[in-house]
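> These protein sequences, in sequence, are chains A and B.
Take the first sequence: its position 90, counting from 1, is numbered 90 in the numbering used here, and each next residue is one higher.
Take the second sequence: its position 432, counting from 1, is numbered 432 in the numbering used here, and each next residue is one higher.
Hint data in this document are derived by calculation from the structure and do not stem from the laboratory.
Among the hints, a few may not be true.
As the list claims (entries may be wrong) - In the DMTMM-like style, the derived pairs of lysine to aspartate or glutamate whose C-alpha atoms are separated by at most 25 Å in a straight line are:
id	chain 1	residue 1	chain 2	residue 2
1	B	LYS726	A	ASP59
2	B	LYS685	A	ASP104
3	B	LYS678	A	ASP59
4	B	LYS539	B	ASP293
5	B	LYS726	A	ASP52
6	B	LYS685	A	ASP100
7	B	LYS478	B	ASP493
8	B	LYS726	B	ASP745
9	B	LYS778	B	ASP788
10	B	LYS726	A	GLU62
11	B	LYS678	A	ASP100
12	B	LYS678	A	ASP52
13	B	LYS778	A	ASP52
14	B	LYS778	B	ASP939
15	B	LYS778	A	ASP100
What the hints assert, rightly or not - Among the chain A residues that face chain B by a calculated CB cut under 7 Å, a handful are:
id	residue
16	MET1
17	MET12
18	LEU23
Claimed, not checked - The following label-pair restraints were derived from C-beta to C-beta distances:
id	chain 1	residue 1	chain 2	residue 2	range
19	A	ASP52	B	ARG687	42 to 48 Å
20	B	PRO853	A	SER94	24 to 30 Å
21	A	SER94	B	ARG687	21 to 27 Å
Since we're looking at a predicted model, the values are computed, not measured.
Backbone N, C-alpha and C fix where the C-beta goes; we use that ideal spot for every residue, glycine too.
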Amino acid sequence: MELLVASAIGVMTAAGIYLVLRLRTFPVIIGISLLTYAVNVFLFAAGRLTTDAPAVLRDGVETYADPLPQALVLTAIVISFGMTAVVVIIALGSWLSCDDDLIDTPRSESDPEVADVVPRGGVSR
Amino acid sequence: MSLFLIVALPFLGALLPGLMNQAGRQTCFMATFTVTLLAALGVATHIPAILSGDVVTARLDWLPSLGMNVNLFLDPLGLLFVGLILGIGLLIIAYARLYLSRDDNMGEFFSYLLLFQGAMVGIVLSDNILMMLVFWELTSLSSFLLIGFWKHLPEGRQGARMALTVTGMGGLALIGGMLILGNIVGSYDLTVILENRDVIQQSPLYVPALLLILLGCFTKSAQFPFHFWLPHAMAAPTPVSAYLHSATMVKAGLFLMARLWPVLSGSEWWFWLVAGAGLVTMVLGAIIALFKDDLKALLAFSTVSHLGLITFLLGTGSGFAAMAAVFHIINHACFKAALFMTAGIVDHEAHTRDMTRLGGLRRLMPVTFAIGTLAALAMAGIPLFNGFVSKEMMLEEAAHTVIFELPWLVPAIATLGALFSAAYSFRFIVHTFLGPVRDDYPAKPHDPPAGMWLPPALLIVPVMALGVAPFLAEPFVKTVTGAVLRGTAEVPDYHLAVWHGVTPALMMSVVAVLGGALLLALFPPLARGWNAAPRPEAKSIFDGVIGGAVSLARTITGGLHDGSFTRYAAIMIVTVVAAGAHAWFSGAIGLPTRAMMPMNINAVLSWGLLIVATATLVVVHRNRLITLILMGIVGVVVSLGFNHFSAPDLALTQISVEVVTIILLLLALNFLPNRTPKESSSGRKIRDAAIAVAGGIGSGALIYAMLMRDFVAPSISDYHLENSYKGGGGDNVVNVILVDFRGFDTFGEIIVLGIAALVIYALTETLLSGPVRARLLKRGYEERRAGDAHPLMMVVLTRVMLPVVLMVGVYIFLRGHNEPGGGFIAGLVVAIGVVMQYMASGFAWADARQRYPYHAIIGAGVLVAGVTGIGAWFFGHPFLTSSFGYFRIPPMEEFELATAMGFDLGVFLAVVGAVMLSLESFSRLSRRQGDRPSEHPMDIDPSRENSEEDA
Numbered sequence: 001m002e003l004l005v006a007s008a009i010g011v012m013t014a015a016g017i018y019l020v021l022r023l024r025t026f027p028v029i030i031g032i033s034l035l036t037y038a039v040n041v042f043l044f045a046a047g048r049l050t051t052d053a054p055a056v057l058r059d060g061v062e063t064y065a066d067p068l069p070q071a072l073v074l075t076a077i078v079i080s081f082g083m084t085a086v087v088v089i090i091a092l093g094s095w096l097s098c099d100d101d102l103i104d105t106p107r108s109e110s111d112p113e114v115a116d117v118v119p120r121g122g123v124s125r
Numbered sequence: 001m002s003l004f005l006i007v008a009l010p011f012l013g014a015l016l017p018g019l020m021n022q023a024g025r026q027t028c029f030m031a032t033f034t035v036t037l038l039a040a041l042g043v044a045t046h047i048p049a050i051l052s053g054d055v056v057t058a059r060l061d062w063l064p065s066l067g068m069n070v071n072l073f074l075d076p077l078g079l080l081f082v083g084l085i086l087g088i089g090l091l092i093i094a095y096a097r098l099y100l101s102r103d104d105n106m107g108e109f110f111s112y113l114l115l116f117q118g119a120m121v122g123i124v125l126s127d128n129i130l131m132m133l134v135f136w137e138l139t140s141l142s143s144f145l146l147i148g149f150w151k152h153l154p155e156g157r158q159g160a161r162m163a164l165t166v167t168g169m170g171g172l173a174l175i176g177g178m179l180i181l182g183n184i185v186g187s188y189d190l191t192v193i194l195e196n197r198d199v200i201q202q203s204p205l206y207v208p209a210l211l212l213i214l215l216g217c218f219t220k221s222a223q224f225p226f227h228f229w230l231p232h233a234m235a236a237p238t239p240v241s242a243y244l245h246s247a248t249m250v251k252a253g254l255f256l257m258a259r260l261w262p263v264l265s266g267s268e269w270w271f272w273l274v275a276g277a278g279l280v281t282m283v284l285g286a287i288i289a290l291f292k293d294d295l296k297a298l299l300a301f302s303t304v305s306h307l308g309l310i311t312f313l314l315g316t317g318s319g320f321a322a323m324a325a326v327f328h329i330i331n332h333a334c335f336k337a338a339l340f341m342t343a344g345i346v347d348h349e350a351h352t353r354d355m356t357r358l359g360g361l362r363r364l365m366p367v368t369f370a371i372g373t374l375a376a377l378a379m380a381g382i383p384l385f386n387g388f389v390s391k392e393m394m395l396e397e398a399a400h401t402v403i404f405e406l407p408w409l410v411p412a413i414a415t416l417g418a419l420f421s422a423a424y425s426f427r428f429i430v431h432t433f434l435g436p437v438r439d440d441y442p443a444k445p446h447d448p449p450a451g452m453w454l455p456p457a458l459l460i461v462p463v464m465a466l467g468v469a470p471f472l473a474e475p476f477v478k479t480v481t482g483a484v485l486r487g488t489a490e491v492p493d494y495h496l497a498v499w500h501g502v503t504p505a506l507m508m509s510v511v512a513v514l515g516g517a518l519l520l521a522l523f524p525p526l527a528r529g530w531n532a533a534p535r536p537e538a539k540s541i542f543d544g545v546i547g548g549a550v551s552l553a554r555t556i557t558g559g560l561h562d563g564s565f566t567r568y569a570a571i572m573i574v575t576v577v578a579a580g581a582h583a584w585f586s587g588a589i590g591l592p593t594r595a596m597m598p599m600n601i602n603a604v605l606s607w608g609l610l611i612v613a614t615a616t617l618v619v620v621h622r623n624r625l626i627t628l629i630l631m632g633i634v635g636v637v638v639s640l641g642f643n644h645f646s647a648p649d650l651a652l653t654q655i656s657v658e659v660v661t662i663i664l665l666l667l668a669l670n671f672l673p674n675r676t677p678k679e680s681s682s683g684r685k686i687r688d689a690a691i692a693v694a695g696g697i698g699s700g701a702l703i704y705a706m707l708m709r710d711f712v713a714p715s716i717s718d719y720h721l722e723n724s725y726k727g728g729g730g731d732n733v734v735n736v737i738l739v740d741f742r743g744f745d746t747f748g749e750i751i752v753l754g755i756a757a758l759v760i761y762a763l764t765e766t767l768l769s770g771p772v773r774a775r776l777l778k779r780g781y782e783e784r785r786a787g788d789a790h791p792l793m794m795v796v797l798t799r800v801m802l803p804v805v806l807m808v809g810v811y812i813f814l815r816g817h818n819e820p821g822g823g824f825i826a827g828l829v830v831a832i833g834v835v836m837q838y839m840a841s842g843f844a845w846a847d848a849r850q851r852y853p854y855h856a857i858i859g860a861g862v863l864v865a866g867v868t869g870i871g872a873w874f875f876g877h878p879f880l881t882s883s884f885g886y887f888r889i890p891p892m893e894e895f896e897l898a899t900a901m902g903f904d905l906g907v908f909l910a911v912v913g914a915v916m917l918s919l920e921s922f923s924r925l926s927r928r929q930g931d932r933p934s935e936h937p938m939d940i941d942p943s944r945e946n947s948e949e950d951a
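Chain A on its own, in the form it takes in the complex (with noise of 0.2 Å):
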């Protein structure tokens, strides 16, 4: 069960971190979403599994699931709920405002030392 739920935390990551890599928002966004699930689960888990032992008291009961990590958690999944919200307002403001979903600031051209190679618009390269 423990490679089960490991193996799955490393795959979010790994698509969570491709996905951040990409150049426009929208797939960032939901890199930092799925990001997000993989930490959760993570911290989730450095308390140990334990299946049918939840963390409320119960007379004669002696094991229970680690309450610590649980609690840290259901705030951080609440709080990724807002953290969303921001970025994704923030992404929508500069796509309205702008008409441009890049993720890096487009260099200016009269600076050619710095020029990117990121085309305003998203012309395929």
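Position chain B relative to chain A; hints supplied.
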């Protein structure tokens, strides 16, 4: 007066002149003078105790865990310096009153001056080295303000920057050195450090600490090779030069060397570095000073030279030299401050301080001439002036110092320094005051009003008194020397006197004075030679170094920080992975200690679903709608996983957040393009994939290694499990942690969430008030529209469900303390219920029926949580301490009430408000021109007569 008050007075007083600026110059001056006088009187009350051998202390624990305490102490060495700072401060303040012109902002000037004064007093009274470092930095900052006081002069600004750069750099080094020193001893208390000479000198860290501390002292006291900033700081108004650059700030480095003398001195390193730098600085400063035409530049280099002299004395490491250093500190402060003020008067009255344009002022400014001449003769080391006595002592010490096994070398160098010192002192007198009266002065020179010449004249009193009768100062000098030595060496049995018989020092003095006079006689050809000779210009070297540093920083910043987010992300990920790999391969990890849990078919199937969904997501990520659906699948599997691994609270939270997140992204996709264009080259894709795979393997391997092993240290979770019921009154430990154990964290988190929602609202408002608004309103429909935007089935269903959802929310909220649930989840559930109304019946219809603004709900939530927390204060408990009790109201069963529930209510409200405000803001963007709020929840309603027309 308490030492706390003495240190605090100048800082508090610094507010007065700034505030009283409107009240006039005299008021500003009186406020500043009174504050300084009060502090000086406060010090004076301690003088009898200190002279009788006591040490006055004031202690206050501030951050004992960091070793940072407000400990002050006043011993004879501190008394000497605080006396100089406040005593000369009073004279300078009186002098500055008349020196500053009507154009200068006097309130600002005196505020800075008091700030500086407070910082200096803080340095010399601190018993805690961390405190001392803070004050040390404050002197650098306040002197920056003072040097650059004439903001309109480029020299002033450049000089201030240079001084700040050099002394600030030294300050950083000093912090390092002092922290090392504190770590060696195990205490940051100066008095403790000073008693651990052996521990410090035998420590392997002694040399690094010494180097760093000396770097701090040398930069502050303008010792070679850091002497160059002091002359450039002369662009400051003359009162500043007289105060900072003769009597106080530049002596801070000397003070620290004297203070740490008992523990640092006596080693080879100390001798070579301190005595060597001092000797070089003394001679170099003296030579350059002779050839400066500007009166203040001459005095600046002469100060450099005299500071070198004192440094040399501190460096040789004998008790006699320390005594000479103490005496020369007093003497130099007196005559140099007087000389600076004289130079200021000349500048003020003749409108130039260039000696090539001066001369003959003896007849025009007789009072100034008398003061300047007496002070300059003291500087030259002429008998019956105070400078003579301490210079004799220096020469005496030099005569007994041998380096390179050449007994004549140090005496010769010292004599050379003294010779040039005499020469420039004579030049100061001759080229300014003597000679014929000229008729081409820029202004008509005359003696200033008494208020301006009295301060320097008062300084001439000790100059003459200690010159004629040095034994007057002997008891005090010996007490201070005792405080410097602190028992590590005997206070020498030496009597301060003018005549010690024909000693080698006297011979050297005679040579120096006669040689100085001869040098002045030969001055014109010498100056021509000096000006023709090439020599390194400190400012251009400094500018070059700064320019190099700036372009290096630009190159690095430009390379790393070029506006490409993708590059930052890649750099960060690669760095994290590399650091993790380094730790993994260089560290040791034990064998697995936990057995693997058995898999079951459901788990494998869910895992397969997640892997397939994630992989598909990456492949088809250009189709944004499908991406969202796949994201939903991933989120659901993650929720199932939480549920499977005994985290029902997390599962509930994850699934409800998933819903609102997907709704949010769908709303966003309403505006963004539906597809991502192809633009990455295949090389780039391979590179990114490599980084991604490395990161994935790293995180997967790390968590797998963790999962197969037990905790390396005992976990604190057991504490929470044990005390959840006893202390928090709840069975659901996760909820009790959120609302009780770590309630303060949660409080912060709901505030962050609220702020995030407000940011979204504000950004939406900004977008809607700009040109985007018109574009949004005029936007056409890209896709074919549904015939029925608000279908009857959906409206009816969501309306029926709303009370059910609300009921579920309340239920989850109420049971949260003892069963899975709580404010976070309840808030999300209720928000989903309300969002459904928006989706079904349209934004305008739902919005018109929304009675409370969501900002207010967020605010109410934070307020409720905060008030609940504050409630604990009234029962004498810390913030957010919860209490609970069990009640019975017939006919109900016994139930529990906990204050934590009030806090959870705050969480609930904040979450509802934040989620709704975010989603509402997004929806507001989607309004188009021609949209009008419908009166009805659904477009087609068979029960309405003319429902078709409404559609």
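> For this structure, which hints from the list above don't hold up?
Going through the list in order, the structure violates hints 3, 12, 13 and respects the others.
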